[in-house]
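Participant: Sequences listed follow chains A and B, in order. Positions 1 to 294 (the numbering used here) are the ones given, in order, by the first sequence. Positions 1 to 335 (the numbering used here) are the ones given, in order, by the second sequence.
Quick caveat, the hints were computed from the structure, so don't treat them as lab data. Some hints could be false.
[To be verified] Not close to chain A: a few residues of chain B, all C-beta gaps over 10 Å, as computed: (1) G188; (2) G231; (3) R239; (4) L268; (5) V299.
[Unchecked claim] Pairs of lysine-lysine, DSS-like flavour, derived with a Cα cap of 25 Å: (6) K79(A) <-> K89(A); (7) K64(B) <-> K79(A); (8) K335(B) <-> K189(A); (9) K33(B) <-> K18(B); (10) K64(B) <-> K109(B); (11) K56(A) <-> K79(A).
Each residue gets a CB set at the ideal place from its N, CA and C atoms; glycine is no exception.
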Amino acid sequence: MKLSLGPLLYYWSRDDVFAFYEAAAAWPVDVVYLGETVCSRRHTLRLPDWFDLADKLAAAGKEVVLASQALIESESDLKALRKIAGNGKHGVEANDFGAVRLLHEQGVPFVAGPTLNAYNPDTLALLHELGARRWVPPVEMPEQMLRAMPVPAGMATELFAYGRLPLAFSARCFTARHYNLQKDDCRFKCLDHPDGLDLRSREGEPFLTLNGIQTQSAKVYNLAPRIDALRAAGVAVLRLSPQSRHMDKVVESFRSLLDGAATDAAQAMARYMPAEACDGYWLGRPGLEHRPDL
Amino acid sequence: MSARLDLVCPAGSLPALKAAVDHGADAVYLGFKDNTNARNFGGLNFDDRSLPEGVAYAHARGRKVLLALNTYPQPGAVERWQRAVDRAAEFGLDAVILADPGLMAYAAKTHPELRLHLSVQGSATSYEAINFYRERFGIQRAVLPRVLSLAQVEAVAQHTEVELELFGFGGLCVMVEGRCLLSSYATGDSPNTCGVCSPAHAVRWQQTPKGLESRLNGVLLDRYADGEKAGYPTLCKGRFEVQGETYYALEEPTSLNTLELLPEMARLGIAAVKIEGRQRSPAYVAQVTQVWRAAIDAVKRAAQDYQVMPAWHQQLDKVSEGSMHTLGAYYRPWK
Numbered sequence: 001m002k003l004s005l006g007p008l009l010y011y012w013s014r015d016d017v018f019a020f021y022e023a024a025a026a027w028p029v030d031v032v033y034l035g036e037t038v039c040s041r042r043h044t045l046r047l048p049d050w051f052d053l054a055d056k057l058a059a060a061g062k063e064v065v066l067a068s069q070a071l072i073e074s075e076s077d078l079k080a081l082r083k084i085a086g087n088g089k090h091g092v093e094a095n096d097f098g099a100v101r102l103l104h105e106q107g108v109p110f111v112a113g114p115t116l117n118a119y120n121p122d123t124l125a126l127l128h129e130l131g132a133r134r135w136v137p138p139v140e141m142p143e144q145m146l147r148a149m150p151v152p153a154g155m156a157t158e159l160f161a162y163g164r165l166p167l168a169f170s171a172r173c174f175t176a177r178h179y180n181l182q183k184d185d186c187r188f189k190c191l192d193h194p195d196g197l198d199l200r201s202r203e204g205e206p207f208l209t210l211n212g213i214q215t216q217s218a219k220v221y222n223l224a225p226r227i228d229a230l231r232a233a234g235v236a237v238l239r240l241s242p243q244s245r246h247m248d249k250v251v252e253s254f255r256s257l258l259d260g261a262a263t264d265a266a267q268a269m270a271r272y273m274p275a276e277a278c279d280g281y282w283l284g285r286p287g288l289e290h291r292p293d294l
Numbered sequence: 001m002s003a004r005l006d007l008v009c010p011a012g013s014l015p016a017l018k019a020a021v022d023h024g025a026d027a028v029y030l031g032f033k034d035n036t037n038a039r040n041f042g043g044l045n046f047d048d049r050s051l052p053e054g055v056a057y058a059h060a061r062g063r064k065v066l067l068a069l070n071t072y073p074q075p076g077a078v079e080r081w082q083r084a085v086d087r088a089a090e091f092g093l094d095a096v097i098l099a100d101p102g103l104m105a106y107a108a109k110t111h112p113e114l115r116l117h118l119s120v121q122g123s124a125t126s127y128e129a130i131n132f133y134r135e136r137f138g139i140q141r142a143v144l145p146r147v148l149s150l151a152q153v154e155a156v157a158q159h160t161e162v163e164l165e166l167f168g169f170g171g172l173c174v175m176v177e178g179r180c181l182l183s184s185y186a187t188g189d190s191p192n193t194c195g196v197c198s199p200a201h202a203v204r205w206q207q208t209p210k211g212l213e214s215r216l217n218g219v220l221l222d223r224y225a226d227g228e229k230a231g232y233p234t235l236c237k238g239r240f241e242v243q244g245e246t247y248y249a250l251e252e253p254t255s256l257n258t259l260e261l262l263p264e265m266a267r268l269g270i271a272a273v274k275i276e277g278r279q280r281s282p283a284y285v286a287q288v289t290q291v292w293r294a295a296i297d298a299v300k301r302a303a304q305d306y307q308v309m310p311a312w313h314q315q316l317d318k319v320s321e322g323s324m325h326t327l328g329a330y331y332r333p334w335k
């Protein structure tokens, strides 16, 4: 199994982004996803900056994939999408069927991202026919469903295995809303929340994480203790979603587990996680549950 | 462009279908009694006896019937969705509303004469995405997610020959439809796979010394003071705490109402306006259909003279969620 570093879902300063990927070049990950997938207003890095980073990480021996934005709203979003699809050098993750159309037209093989909603064999086969060489199941897909999916020959499965779960996208920016700002004048408040903004129930229980127009789980999905099951389900790549601190430790923990370390290494990860673990989705249960007993 | 603006109304039952038809719907949309549609609620929807009766009732009056098959088929059960498409063709439905590309491929191949609409659950927000479904499966219409401003809708309309259908009124999804897993995160059941959001089986109401509490699978969604109106605990419309402040962090319990945008929708050549609410009563459907019929007729008669009548708002307020209205994303500052 390989490890991938998923696209950075948060908004960080330019220096922090560069520092993060400079470090990542030396981490034991095989694949690195780059690009802004959440909000088109974020601009500490412009497309040419991402392309430069892509070249650097490729030169460091990583498979680089440029990820496209999940929610496309405007002509400028489409312009960026066309540049990514036509970059001519690096792989592309399609996170919207508009991206699939462009990539298919240009005959570019691609990764079918988790928001394409491939829930069944027919849709997966169609994506394969259109040029997908790898696919990421919807994050809510349970083990049982994944095992029942006949994956076409020549197509690999990559699973979201670590990080706060991206659960929803909206036209509205919830971070701006929290600060009583409109999205068009958001003052880039996401910069103040490098791991998102905690949303709790009225009795103080962490529930969700606000990340601009994206809503994430408060808990950290972590399938590290289940690597044998993931392998048995035919998963070829484990996606680790970036967080602002200790990402190197998270990557190392997964790598050591893949290399055969005892599973208590998975439990030892708790100190590197920004919140409690959950694993309900994999078990076909409510996503927020954590059931190490099952 | 000409003002099409077909009025598409919800039919969760045969009486609701008749109410919609009798009060002026151009089309009704409905689903089967299972998880092939996104309103998979107990006591709702149609079976092989009520469906032909409903189709006959509508067709006898020159109205159309659209079948929502807008959840995502899953391995081992794909046939359930495919048989539903077959039944739609057999019963003479005027179109099927689909979200899943695999199912669209089946429908296009097996029933080439059957009209295909792209469901809002397909999350297509750009003309590139809509044209993908057009080229591959020949879809005739796309229902747009409630995330685009009207200017963005216009840009989509200019770059596709696919008819566009917009939501006009009813419960408001604040998230992109088809891309929201909040419900399964809390309860295990998602709109995509189970056809439900914040399902009733996971809801608990409890009177406590602090007030009436609503919980979804144990998660406190809201707490109401005495005299405060308590709505159905839809997850995104609860009150939560962010940095010490308690408020409707995602969205207020409010309804979408775009009556005032009708002339603009007509100018853009929007094919149809959709009313949400298959889970609502026949009385609700009658009331809302009546108002929207009057409004659409007024726009078609003379768009330049169109004004939203205060009586329309009063009638709609009586049946709306939380008695509050919003233009949603169509009005950019909402975002």
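Participant: Now look at each hint and say whether the structure bears it out.
Facilitator: Against the structure, the hints:
1. Non-interface status of G188(B) relative to chain A is broken: a Cβ of that chain comes within 10 Å, the nearest being about 4 Å off.
2. With a closest Cβ-Cβ approach of about 16 Å to chain A, G231(B) is found to remain outside the 10 Å limit, as its non-interface label requires.
3. The Cβ of R239(B) does not lie farther than 10 Å from every Cβ of chain A; its closest approach is about 6 Å, which violates its non-interface assignment.
4. The Cβ of L268(B) sits about 16 Å from the closest Cβ of chain A, beyond the 10 Å cut-off, so the non-interface label holds.
5. Even its closest Cβ contact with chain A, about 25 Å, leaves V299(B) beyond 10 Å, as expected for a residue assigned away from the interface.
6. For the proposed pair K79(A) and K89(A), the alpha carbon gap of about 18 Å is at most 25 Å, so the pair holds.
7. This hinted pair does not check out: K64(B) and K79(A) have alpha carbons roughly 38 Å apart, beyond 25 Å.
8. The suggested pairing of K335(B) with K189(A) holds, with an alpha-carbon distance near 15 Å, which does not exceed 25 Å.
9. For the hint linking K33(B) to K18(B), the alpha-carbon distance of about 18 Å falls within 25 Å, and the restraint holds.
10. With a CA separation close to 23 Å, the supplied pair K64(B) and K109(B) stays within the 25 Å bound.
11. Restraint check for K56(A) and K79(A): satisfied, since their Cα atoms lie roughly 24 Å apart, inside the 25 Å limit.
Taken one by one, the earlier hints fail for this structure at numbers 1, 3 and 7, listed in ascending order.
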